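Go by the hints and put chains S, G and W onto chain X.
Chains as they are written, first to last, in the working numbering: chain X, 1 to 375; chain S, 1 to 375; chain G, 1 to 375; chain W, 1 to 375.
The set of hints was computed from the structure by calculation and includes no laboratory data. Keep in mind that a hint or two might mislead.
Because identical chains share one entry, a pair is satisfied inside a single copy or across any pair of copies.
Unchecked claim - In silico lysine-lysine, DSS-like type, Cα no more than 25 Å apart, as pairs:
#	residue 1	residue 2
1	Lys340	Lys3
2	Lys271	Lys227
3	Lys213	Lys370
4	Lys271	Lys213
Predicted model, so just to flag it, every value in this text is computed and none were measured.
4 protein chains.
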Amino acid sequence: MKKKLNVAMIGYQFMGRAHSNAWRQVGRFYDLPFEPVMKVLVGRNQARLTAAAGTLGWQETATSWQDVVARPDIDLIDICTPGDFHAPIAIAAAEARKTVLCEKPLANTLVEAEQMVAAVRKAGVVNMICHNYRRCPAVTLARQLIDEGKLGTLHHYRGVYLQDWPANPDFPLVWRFQKAKSGSGALGDLLSHTLDIARYLVGEPAEVSGSLKTFVTERPVPGTTTKAPVDVDDAAMTMVRFASGAVGTIEASRFAVGRKNHNRFEINGSKGSLVWDLERMNELEVYIEEGPNSGFRRIMVTDRSHPFCSAWWPAGHIIGYEHSFTHTLLDLLKGVAEGKSPQPDFEDGLKNQRALDAIETSAQTGQWVKLAPPA
Amino acid sequence: MKKKLNVAMIGYQFMGRAHSNAWRQVGRFYDLPFEPVMKVLVGRNQARLTAAAGTLGWQETATSWQDVVARPDIDLIDICTPGDFHAPIAIAAAEARKTVLCEKPLANTLVEAEQMVAAVRKAGVVNMICHNYRRCPAVTLARQLIDEGKLGTLHHYRGVYLQDWPANPDFPLVWRFQKAKSGSGALGDLLSHTLDIARYLVGEPAEVSGSLKTFVTERPVPGTTTKAPVDVDDAAMTMVRFASGAVGTIEASRFAVGRKNHNRFEINGSKGSLVWDLERMNELEVYIEEGPNSGFRRIMVTDRSHPFCSAWWPAGHIIGYEHSFTHTLLDLLKGVAEGKSPQPDFEDGLKNQRALDAIETSAQTGQWVKLAPPA
Amino acid sequence: MKKKLNVAMIGYQFMGRAHSNAWRQVGRFYDLPFEPVMKVLVGRNQARLTAAAGTLGWQETATSWQDVVARPDIDLIDICTPGDFHAPIAIAAAEARKTVLCEKPLANTLVEAEQMVAAVRKAGVVNMICHNYRRCPAVTLARQLIDEGKLGTLHHYRGVYLQDWPANPDFPLVWRFQKAKSGSGALGDLLSHTLDIARYLVGEPAEVSGSLKTFVTERPVPGTTTKAPVDVDDAAMTMVRFASGAVGTIEASRFAVGRKNHNRFEINGSKGSLVWDLERMNELEVYIEEGPNSGFRRIMVTDRSHPFCSAWWPAGHIIGYEHSFTHTLLDLLKGVAEGKSPQPDFEDGLKNQRALDAIETSAQTGQWVKLAPPA
Amino acid sequence: MKKKLNVAMIGYQFMGRAHSNAWRQVGRFYDLPFEPVMKVLVGRNQARLTAAAGTLGWQETATSWQDVVARPDIDLIDICTPGDFHAPIAIAAAEARKTVLCEKPLANTLVEAEQMVAAVRKAGVVNMICHNYRRCPAVTLARQLIDEGKLGTLHHYRGVYLQDWPANPDFPLVWRFQKAKSGSGALGDLLSHTLDIARYLVGEPAEVSGSLKTFVTERPVPGTTTKAPVDVDDAAMTMVRFASGAVGTIEASRFAVGRKNHNRFEINGSKGSLVWDLERMNELEVYIEEGPNSGFRRIMVTDRSHPFCSAWWPAGHIIGYEHSFTHTLLDLLKGVAEGKSPQPDFEDGLKNQRALDAIETSAQTGQWVKLAPPA
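Isolated chain X (complex conformation) (with noise of 0.2 Å):
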């Protein structure tokens, strides 16, 4: 019999959905070193949190975050938030000696995004950023491919993530436009994806010169015709010196027409290169020279030997976006049995996060910002 894991989910919109799934599914696919327990949901209006935890699987239901992390039946806080309480929900859970689960980014600053890597550190708790895309099959195949040299030295990275949902200007002035909750744009939104794509496969950034635009400056208040400011970004784009050499452009839009949920890089080395896009997420473009007859070829990433693959189902019968949560827990799961933060961990999550914060200040300045070397 299993030891159990009990779980605590603080949030239960589109990334509460997306957690809860893969909280169901993993065991199911995975052997596990523990049977996931999906105890509490946390909330703060008592209706909606009960409909949800009866659609999403949840045992109980709480109003506080606070007396759920204090809990000492519960293992694992899952912090499923707004970015403006990651930080005081991280930092609770840290000092409880919870295994803390984040979503991304760490934090809507810096400085709190410093402070949740010190609670980590200091209480020695097994802790992990959702960065999901990195456990899309292709995108950890990438990663593998890199490692065994098979594109020779790094040259570039061009990243774009496009989306197109508020590009009409009477979509409201929901969260994601607020910087207050939400930290900043389509630079927090959707570049930090692709910059941790960019990391995790490319290396750290020496250097960065951020641009930010806001093509909608106000938008209806929810629920009423009154137009209220946008003091968020609609679109980020930034040049990249990484510290290995390479450079890169990444980019990301909320006003890119058409394009519902494009997280594409290409990727090119010495030796070959590398194209991926999230719209088709079970491919695998890879080039290797080898002379006149190479060429772009399109790897269907679905094989039993494939990344994470063997669970589920034969070749070329693909898997979905939601996947990749299950495999980020996977992970985590194996983190805790063996007391190691998986990556991303917190410490990850910050080197993301002084990015984002450097393309930020240089957006503002003007100037090419320098980030401290990698340790």
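The following block gives chains S, G and W in isolation, referenced to the frame of chain X:
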């Protein structure tokens, strides 16, 4: 409190895993008329059965399907066995007044399939054959576009279902290569799917001229080096004249090296065309004739307004193979609530079987074979 | 100083324009054994003929092909007329000891085609049928890869040639819809091309089962509103059993709305697969089985080392449809220099014709039709 | 009888071959106001020059461009030399009242470019810079769609021009790696193209922040094993703020292994988006927002009604790289007839040069550089 609906599933291999997942997930994402309970898993090897029930999440196990079919607390029988067991189980289930879901093909022989239809008719039970690909959102959307007349009069269906898993001659003689167990090879396994889609989207075939081919005529008996004859087809192809006047080619192969799960169709009508490929199942390519600036456009079938998509993730966040089963169960449960068999029911499955049978007959005689006109 | 080779071309419509361009260009890009001289353009309407000769760059015009064939200064007869004139001109040209290039299909009837082969054999003249797509660099490369054994034993050929120009029922009854002039419809016009590629890449068909379809059975006589019957096929399809043991489906249609010039094939062998599409003719997709990280790779067939490419532009700077004719003339002129007919010669064209004829017979009888074994 | 227009071309390497082809072809496919005569080819090495003139089809040769510019029978000077010769030849040609066509970039330095503009202005001669990609039919169509307002307000330009020919560090130090001859590396060679397209489709840049990178800092002197320094960039990237309020990223590299000629742009506007790739230059991907069933549609830009296409082949019969030059000459000759410089003229080329210069300055200073507002 929702009424419970107790499910017994027979078989726990590939299809058993896919159905179990769908039973587990359907109520988490859709508002159902019943609460399905994963009550009993049925198999012959108790040790493996126990393990499977644990992994897949079934409450009980049983080694006699006859006993389970007789249990008054069981509401629905889900048949995931090889084809040779479909008829006896389905007929017994119908006689016991259970709802019956049966994996495709309906049966290994036309006679059995007819007996199954007679049994469910006589018993008046809700019944369904699991042609899950009809409920990939893009395929359902294809049907909507056709029904709305967007394509005009249909002229062509061009379907292939290509895989390559046993292209190596050393791949062993598993049950799928034995006519007694599987009924046929690529014909029943793969061509049956693209034929079903043809019937769903274009209509009933009136006449077929088919051909079967076995490239590797003997294979090693599993676990040995002894070879035994393969008595099913490795590849099947047919020309089709539809009752509507459209014409088509349909082909399936297990020897299309590089094609993992390439279930693709193209439909050409007088006003436009459609293309779909299971490996990129979230996309539908649609051409509508509107002058020189027309073009095949790639619709991401992931918007909340697309079929079955309201339950899942935001646009562009793709779903996978397994979701087609969840959608199938959703419609089955709605059917149970309404007391009406959803499409495709056993009768529809029998029509598919008759067309498969005609292809096989044609392959033997070298003649076109006429099918009975649609009633 | 190179020896001159005087060319007379009969016909100046679509094919005449394409051949003229190739005659003009071939010597500018390739080092030829002869200097081709665009000597005489032959047609029936003097006014249009004079205009065409000016535009296309022919030195002289003539209205009697018989006179031109008899001219001692003419070395090569290039036949670009509709099919009903191929035989008389080619036979006369052969008797006059001219090199003969003939557009496809070789003739409108098998009898004529046989007479043409007999004539060039008897006269011993260099002869060629213009199946230009063999000399798209990617198709020639496909042949090289097959000859090198990269694909192993071939199992499947899957060819379609789809267009849509006359899908509108009001498109007039031009010569391509009249059997007396064109011999057949999509069969001779389009299917003949993909059949030729099948024969070039996979080998000779042993047996075919074909079907023809006319969707629009009468069309307006050009310049009038009166309708007259269409007596050719709008679409043609066939199953093929190749002498080698491979099997195939081949299909052509003028009613595939949205498909402008979609001449596509897929070949599956025991070790790999090939895909090509004329609309992206500079690319060849190649799959070679090398384990789970294999994939279809897109080769840009534009490197100097690729077939015919040394003459053109740097890699990635694509060429177009017309270049396939230039490459054809290059090989024809080499053949003249060596006194040897390049492939496909008339004999090869006759084999294609026999297969087309068998498809037509099969479409009438509903039976498989056997072809004579390759000599 | 058409008036003749005598052309002298200086240079016969890659661009000389492409221009020669276009001069030869343009009158065969388009009805021109003049008959262009390929009169004199100018170069320095008489032996190679003679050979080139023979192959390319020029009537005469000359080794002094000064003499040729002075010849009264010459009407048009076509400059295909490396950049260091553009200014002296163009200025002399203008002073001699010749029509001038100049390869891009206009000059190696801004000062030279300004002198060239002054010279053609003063002389009042028709002048054009050869940014041939503007006249790929799909790019011209993109401009039409934008001008018609189909895309709404433009928000993003995302351009890359990626090649890989010198990615091998042993590739020799040819003129393209020497600043004195080429002015710059990927910046002037490749980025200049995608910048020109940006200016053509989106408008003038107001501000740029650029960065240059040299990956291989020394290369073998041709024909030796001695290495000498590379003093140009291997890769260039820039962020752009357009005068219109749109923002963009533009990047060029000679080190994108696997990318042969990947000149690609994506434009996002408030109502739709466009994507184009030179390697598939006959296709334009267009997204127009029309609700959930919208999608990127692939237009085959080969219909008679598409820009420049009436002269070529039926729809779907693609054209190649070289045709963009033919289209350029067509518009130049029309300009000569009308006495009006077609776009892009030298003044336009100067604007491109100023932006390139600003990128280079920005790369040196690490600052954003403002460009003068459009007049």
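Alpha-carbon proximity between Lys213 and Lys370, which holds within one copy, between copies, both or neither at 25 Å: both (22 Å within a copy, 17 Å between copies)
From the Cα coordinates, with 25 Å as the cut-off, is the pair Lys271 and Lys213 best called within, between, both, or neither? Between copies only: 18 Å across chains, 36 Å inside a chain, cut-off 25 Å.
How do Lys340 and Lys3 come out at 25 Å by Cα distance, when the copy is not named: within, between, both, or neither? within (18 Å within a copy, 45 Å between copies)
Up to 25 Å between alpha-carbons, please classify Lys271 paired with Lys227: within, between, both or neither. between (53 Å within a copy, 22 Å between copies)
Violated hints: none; the structure is consistent with every hint.
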